[in-house]
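Asks: Keeping their order, the protein sequence lines are chains A and B. Mapping of the first sequence onto numbering that gives the first Met the number 0: position 285 corresponds to residue 284, and the numbering continues sequentially without gaps. Mapping of the second sequence onto numbering that gives the first Met the number 0: position 404 corresponds to residue 403, and the numbering continues sequentially without gaps.
This list has only true hints and no planted wrong ones.
Pairs involving identical chains hold if they fit within one copy or between any two copies, as the list cannot separate such chains.
Dumping the calculated DSSO-like pairs for lysine-lysine here, alpha-carbon to alpha-carbon at most 27 Å:
{"id": "1", "residue 1": "K364", "residue 2": "K380"}
{"id": "2", "residue 1": "K38", "residue 2": "K332"}
{"id": "3", "residue 1": "K380", "residue 2": "K397"}
{"id": "4", "residue 1": "K104", "residue 2": "K38"}
{"id": "5", "residue 1": "K380", "residue 2": "K342"}
{"id": "6", "residue 1": "K83", "residue 2": "K286"}
{"id": "7", "residue 1": "K362", "residue 2": "K375"}
Rather than coming from a laboratory, the hints here were simulated on the basis of the structure.
Protein chains: 2
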Amino acid sequence: MAILKGNAIVGQSGGPTSAINATLSGVIRGASFSENISKLYGMKNGIEGFLGDEIIDLSYLFDDEDKLSLLESTPASALGSCRKKLPNLDTPSDVYSKIFDLFKKYDIRYFFYIGGNDSMDTVYKLSEYSNHIDYEIRIIGVPKTIDNDLPITDHTPGFGSAAKFIATAISEIATDCSVYTMNAVTIVEMMGRDAGWLTCAAALAKEYNGLGADLIYLPECPFYDNEFISALERELEKHPNVVVAVSEGIRYENGNYVGASNQSGMVDVFGHKYLAGTAKNLEALVKREIGCKVRSVELNLLQRCSSHILSNTDIEESVKIGASAVKLAESGKSGEMLIFVRKNTECYEVEISSVPVSMVANKVKYVPQSFINDEKNNVTKACIEYMSPLVQGERQVKYENGIPVHIRLK
Amino acid sequence: MAILKGNAIVGQSGGPTSAINATLSGVIRGASFSENISKLYGMKNGIEGFLGDEIIDLSYLFDDEDKLSLLESTPASALGSCRKKLPNLDTPSDVYSKIFDLFKKYDIRYFFYIGGNDSMDTVYKLSEYSNHIDYEIRIIGVPKTIDNDLPITDHTPGFGSAAKFIATAISEIATDCSVYTMNAVTIVEMMGRDAGWLTCAAALAKEYNGLGADLIYLPECPFYDNEFISALERELEKHPNVVVAVSEGIRYENGNYVGASNQSGMVDVFGHKYLAGTAKNLEALVKREIGCKVRSVELNLLQRCSSHILSNTDIEESVKIGASAVKLAESGKSGEMLIFVRKNTECYEVEISSVPVSMVANKVKYVPQSFINDEKNNVTKACIEYMSPLVQGERQVKYENGIPVHIRLK
Chain A
0 MAILKGNAIV GQSGGPTSAI NATLSGVIRG ASFSENISKL YGMKNGIEGF
50 LGDEIIDLSY LFDDEDKLSL LESTPASALG SCRKKLPNLD TPSDVYSKIF
100 DLFKKYDIRY FFYIGGNDSM DTVYKLSEYS NHIDYEIRII GVPKTIDNDL
150 PITDHTPGFG SAAKFIATAI SEIATDCSVY TMNAVTIVEM MGRDAGWLTC
200 AAALAKEYNG LGADLIYLPE CPFYDNEFIS ALERELEKHP NVVVAVSEGI
250 RYENGNYVGA SNQSGMVDVF GHKYLAGTAK NLEALVKREI GCKVRSVELN
300 LLQRCSSHIL SNTDIEESVK IGASAVKLAE SGKSGEMLIF VRKNTECYEV
350 EISSVPVSMV ANKVKYVPQS FINDEKNNVT KACIEYMSPL VQGERQVKYE
400 NGIPVHIRLK
Chain B
0 MAILKGNAIV GQSGGPTSAI NATLSGVIRG ASFSENISKL YGMKNGIEGF
50 LGDEIIDLSY LFDDEDKLSL LESTPASALG SCRKKLPNLD TPSDVYSKIF
100 DLFKKYDIRY FFYIGGNDSM DTVYKLSEYS NHIDYEIRII GVPKTIDNDL
150 PITDHTPGFG SAAKFIATAI SEIATDCSVY TMNAVTIVEM MGRDAGWLTC
200 AAALAKEYNG LGADLIYLPE CPFYDNEFIS ALERELEKHP NVVVAVSEGI
250 RYENGNYVGA SNQSGMVDVF GHKYLAGTAK NLEALVKREI GCKVRSVELN
300 LLQRCSSHIL SNTDIEESVK IGASAVKLAE SGKSGEMLIF VRKNTECYEV
350 EISSVPVSMV ANKVKYVPQS FINDEKNNVT KACIEYMSPL VQGERQVKYE
400 NGIPVHIRLK
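The task is simple: from the sequences and hints, build the whole structure.
Replies: This is how it looks when you write it as structure tokens:
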């Protein structure tokens, strides 16, 4: 092991999750045990804040079990976030020299970046840049995303808690909808532009609670209005209250988003289209074609921030992967992202490993066809078996004055 | 006390809540202790199902603590619900004679109806009718509604759990929104056609978590676009992420709903307009007038069914009020609705009492002006102090396979 002594810095980037602070807690716990790391800084608002020299010293948390525990059930990015994309390495820019000047200023030798696909692009570029300059630093990516769409890793930290919230919410919504006797369709929209993982989680409700999503539509398969209406009519013959789970990103065969006509046409800095009206558009379709009572529900932001209901499996793994990031860096690795490897599928067991971040950055892992039924309107048993272990266990959350307590790092 | 022996029946009506089954459990518990009640029936889908002779025997639950406890954390109406309005008493109709024939058929001497404003109309009409025929029966209304808009009672069973979910969700959403540095407005829409109680609950988040709703708009005050935009601009000068809580039913000075243009124009059987687009319309307004990032979130059905997060105060009171309904009927009363009376405001304490249902049926309790600030864009300390005790305490919910367990009564 190549010993490298100095300070460390950790940042959070991209959309918040309910578990991204558990991973931050894991990095803090890992750093507190390290003999090589003196101080652990946190960058405010990711690489964007760091460029503005906005950092805070996190070392005060090293042995504060109460605060770390609170951090693990505080939603969103406690350090703040950003969506900054670093310029291509062959584009003339002083961004990289500015960043490395700051590394030198604070003697930062360990850099941990917790984020999703886009954030791994930042990790990749910084580690590539570091290979061509004379300053030793280890740059590590730690995955997070409720979307579960990072390749190679079995799943992503944050997905399990989002999936648990979704399965619970769908179970409650389906129970709520079951009280009346007249035909009614309820369409619930989940996040997921390209990958339908979150929407798959809706299947857990019907599997384990008896009431849940009767039909599930994912962006991995083209959507056909007529097949959807036929499937609905078949379901309505069986029972009066039909619940449908759809991903925001479902598309027609021609590639147009189902939610397109209700959209603003805006794109984010990574060029992703902003979607919001998928369930609303389907509501209008059902009203027109079937004419029964129909409503749409967007689970919206709560999918990624409802930290009052957390998968304990997810939170424990999220802490572990953060602590493992520190060990990986200490072992001499750089330019790598931590991953989960499922060792045993009969009795769930994961190991933490790592891969070069270039294998992950800007790539998307889709729901495999083996997880989708032949009619393309539900998931298979294999999908349920994959997801089920990830939502197990409940995290006890601290309440004061009737609402959960959150911590602020400021 | 006029002793009356026979069977009892209980029904649930109107929109479901997270606590309506706790009240059902209370009625079951009350009946199980009664020396006058032999069997307790449940009507399926309220008075509508009863008219179709659809009843089940609930006596099997009398001593099953495990099942009753599960029932108390099962969302929605476990007996099913309806929105049937009984005809006026002076209208020729055979509905009443049909209902009373069924009462005689099953020797039903006690009738308990758990519901909101509209359901109390049913209780009122049945008890009026019973006064003019030769069949002794005691007809009691038990309040429930997340809307908290029933008069006389200090608050309604179900409101506390809905308020706890809303305060928690707003706290989490505001925390989620706080991670970026650019100006953004998030508009969260709560249920509430005429009364803004649920929206008031958003105030608990900022009061106790530091992050929550910065501006709160209720149907009790006319809404002005220009005042809203000015208030937003003032908030945005203080901090970049502004969260707004609005009731679905806010209206302009001319009486038009803010959410009107996005609506279908449908009305329910009680003539209530269907609203759904208030936050969406305000999102468009902010985009046009301020131009910053803006999004809308509807908390939608989860407000009334998210029984994975329950106010223990609400659930305990909901059970008690159900059990008290049985005692009230046994004492000889009929045509009354149970109410909560707040005895002590310094140290929260409630007593259960009752009033003639005619004082409640078809009436609405609005948020008083003393609970609303001078600018009409937030609530007062008095409102916080009124709500706070209602959301206290957490109910432990049973999980299996990672999601909450619900019970089905069939």
